[in-house]
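The sequence shown lines up with residues 92 to 381 when you count with my numbering.
Careful, some of the hints might be misleading.
[As the list claims (entries may be wrong)] Each computed DSSO-like pair below joins lysine-lysine, with the alpha-carbon atoms no more than 27 Å apart: (1) K278 <-> K201; (2) K309 <-> K261; (3) K146 <-> K361; (4) K309 <-> K149; (5) K174 <-> K278; (6) K201 <-> K146; (7) K149 <-> K201; (8) K126 <-> K278; (9) K174 <-> K146; (10) K207 <-> K143; (11) K374 <-> K149; (12) K261 <-> K341.
Simulated from the structure, these hints should not be mistaken for lab results.
Remember, it's a predicted structure, so these values are computed and weren't measured experimentally.
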Amino acid sequence: MIYRLLALNVDGTILQSNGRLHKSTRDAIEYVQQKGVYVTLVTSRSFPSAKKVAKALKINSLLITHLGSYISNDLRSDPVFEKRIPEDVTFQLVRFLESFPCQIRLVHEKFSLANKYKLNHNLLAKTVFTSGDPIFYSQQFTDSISETLVNEPVSPPKIEVYFEYEEDLKDAQQAINGMFSEVSLSKLNDYRMDIMPEGVSKLNGLIQLGEHLGIQLKEMVAIGDGHDDIEMIEACGLGVSMGNASVEVKKASDWVTRSNNQHGVSYMVKEHFRKQQPIEFLKKMNIIKM
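Based on the sequences and whatever the hints tell you, model everything.
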């Protein structure tokens, strides 16, 4: 099979545990791009944060961000795809979530708005915040998000919620599923839940990008390590899980590479793309049609 697109998760995949990019990963991305393969990031991160990583990798492609609800390559131009949580639903969700001890973050592509709640179990201290460069990305904190929304409504692509207690996440998840048909939920761990517009996922983001570029899912390679990567790993032509992924993610994949700290992305690229001829050559030979 000839692969024309490489989709990469960010945290736990191209970034090492210390949050850094290894030179071998940069070299692998450059190598595969020189072959004419379209490389994109598929991430739960905000667009400015993903753009910062893409710049470090010399990727100038459309990026699938906010778990698939915002696809663009430049904030100064209209996105190829966007889907938002309506303002009234955002307000109702926030009012409901404020009854729990948790931090709520409305993650817009141009700013984030969060309450000042400090988690006692230090989950946030262990979390690498990925909101982007503060110079270009405004991170606002308020005592009450719902009061702020009364005067300044927001329609975000994603809401992140960090709970103090596991049981509260379960209760909130069950209640939101029963009350709101306009959103879908993604549980990232026992304390964090992301809320997206209904129908949004990394896989659907890839489908949207593929339709825009004229590339089919069977011509894509997807690499990830998290539960929210499973759908795209299963659907793409070649689904790859990282060595640091859970057993569930590995079972969903066609191939398991090394861990993020063992440069799993560069290892996978060398194994699967070294024998593939450049896309332009394949087009000239009429092996693939654009």
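Each hint, compared with the structure:
1. K278 <-> K201: Holds - the C-alpha atoms of K201 and K278 are around 24 Å apart, at most 27 Å.
2. K309 <-> K261: Since the Cα atoms of K309 and K261 sit roughly 36 Å apart, the hinted pair is violated (cutoff 27 Å).
3. K146 <-> K361: Judged against 27 Å, a Cα distance of about 22 Å means the pair holds.
4. K309 <-> K149: holds (25 Å)
5. K174 <-> K278: holds (19 Å)
6. K201 <-> K146: This hinted pair holds, its Cα atoms lying about 17 Å apart.
7. K149 <-> K201: holds (22 Å)
8. K126 <-> K278: With Cα atoms ~36 Å apart, K126 and K278 exceed 27 Å; violated.
9. K174 <-> K146: Cα-Cα ~24 Å, so holds.
10. K207 <-> K143: holds (26 Å)
11. K374 <-> K149: Holds: K374 and K149 sit about 24 Å apart, inside 27 Å.
12. K261 <-> K341: holds (25 Å)
Of the numbered hints stated above, those contradicted by the structure are hints 2 and 8, listed in ascending order.
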